[in-house]
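**Q** Each chain is listed here by its residues.
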Amino acid sequence: MAATARLTEAEVKQLVVDWYHGLDVHAPTVEMLPLVAEEGLEMRYPEATVRGLAEFDGWYNGVIRIFFDEVHTLEKLEVALSADKAEVKLVVLWEASRWKAPAAQSERLKMDAAQTWEVRRSPKSGKAVIATYIVDSLNPRPGSVPL
Amino acid sequence: MTNTATTLTEAEVRQMVDVWYRALDIHVPLEEFLAMVADEGIEFRFPEVTVTDKAGLTQWYNRVINTFFDEVHETKELAISTAGDQAEVKILTLWQASVWNPPAPKSERIAFNARQTWKVRRSPTTGKPVVTTYIVDSFEPVGGTGALPVKEM
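From first to last, the protein sequence lines stand for chains A and B.
Be aware that the first sequence starts at 16, since it is given in our numbering, and climbs by one per residue.
Be aware that the second sequence starts at 23, since it is given in our numbering, and climbs by one per residue.
Keep in mind that the hints were calculated from the coordinates and are not lab data.
All values derive from a computational prediction rather than experimental measurement.
Since no wrong hints were added, every one of them can be taken at face value.
Below 30 Å or equal to it, Euclidean Cα-Cα: the simulated DSBU-like pairs (lysine-lysine) are:
#: 1; chain 1: A; residue 1: K125; chain 2: A; residue 2: K91
#: 2; chain 1: A; residue 1: K28; chain 2: B; residue 2: K128
#: 3; chain 1: B; residue 1: K128; chain 2: A; residue 2: K91
#: 4; chain 1: A; residue 1: K125; chain 2: B; residue 2: K128
#: 5; chain 1: B; residue 1: K76; chain 2: A; residue 2: K115
#: 6; chain 1: A; residue 1: K104; chain 2: A; residue 2: K28
Chain A is faced by these chain B residues, among others (derived, beta-carbon under 8 Å):
#: 7; residue: D47
#: 8; residue: D92
#: 9; residue: W122
#: 10; residue: P124
#: 11; residue: K128
#: 12; residue: S129
For glycine and all other residues, C-beta sits at the position ideal for the given N, C-alpha and C.
The following block holds chain A by itself, in its conformation from the complex (with noise of 0.2 Å):
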């Protein structure tokens, strides 16, 4: 796929598909980096603001050893395609467990996050890469630990 190439809806949703499932397996770092932008990324989390690629490779590492059986559903997604990107509007349903030895219980988070995301196409890889990744609002469902 040419770099200059308009951005199909099935590539963006293919790269929404492949995020999650990547963060419920906990791809290795290698394999989640050719899904966001090399340059101008930009990650705004509850807890953080990531910016390039160190902070994300960061970030990744620091939250596959704090969440455990993640589940990712999601439950609406949106894609506006424009010439050079994509605005992506989802709801995903994030699943995950955490454990802080000694406790004796786990704990079970289960949270609503509403996300915008911007995509565009890698000059490097060709492919569709998120450039810009905003958590809108994060509700906890009912017998859910807070984040």
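Start from chain A and add chain B according to the hints.
**A** Using the frame of chain A, we list chain B on its own:
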């Protein structure tokens, strides 16, 4: 109970078994756990290690509560023979627990049937029943459980 010479009753020992497993399930502070064990002359034969003093038992307990979580001990069989201020206890407990080794994506649920023989006596200092000997006679995995994970500390 303060009379150190009185006979142990089956009810006391049964209560102690319940409290013991409840303590393991909720990861009670070390001091509470050690208070259920005799101060001297102890032997604990676990599947992975045998300890004969409270220092060894402390090491074992700290390793266990830093390895396992969401534990459930279910007593399936319990036979108590009392003799004076001592008792022998035969137990079959189903132990279930979870383990997770970061950054693995999934935790693992394990289950074992453990047959044990305990010797319990009344503590001369507290007057309460305490474990002096704790032998795991057999330790059989249930379902798809593999080997017992033993974490380096």
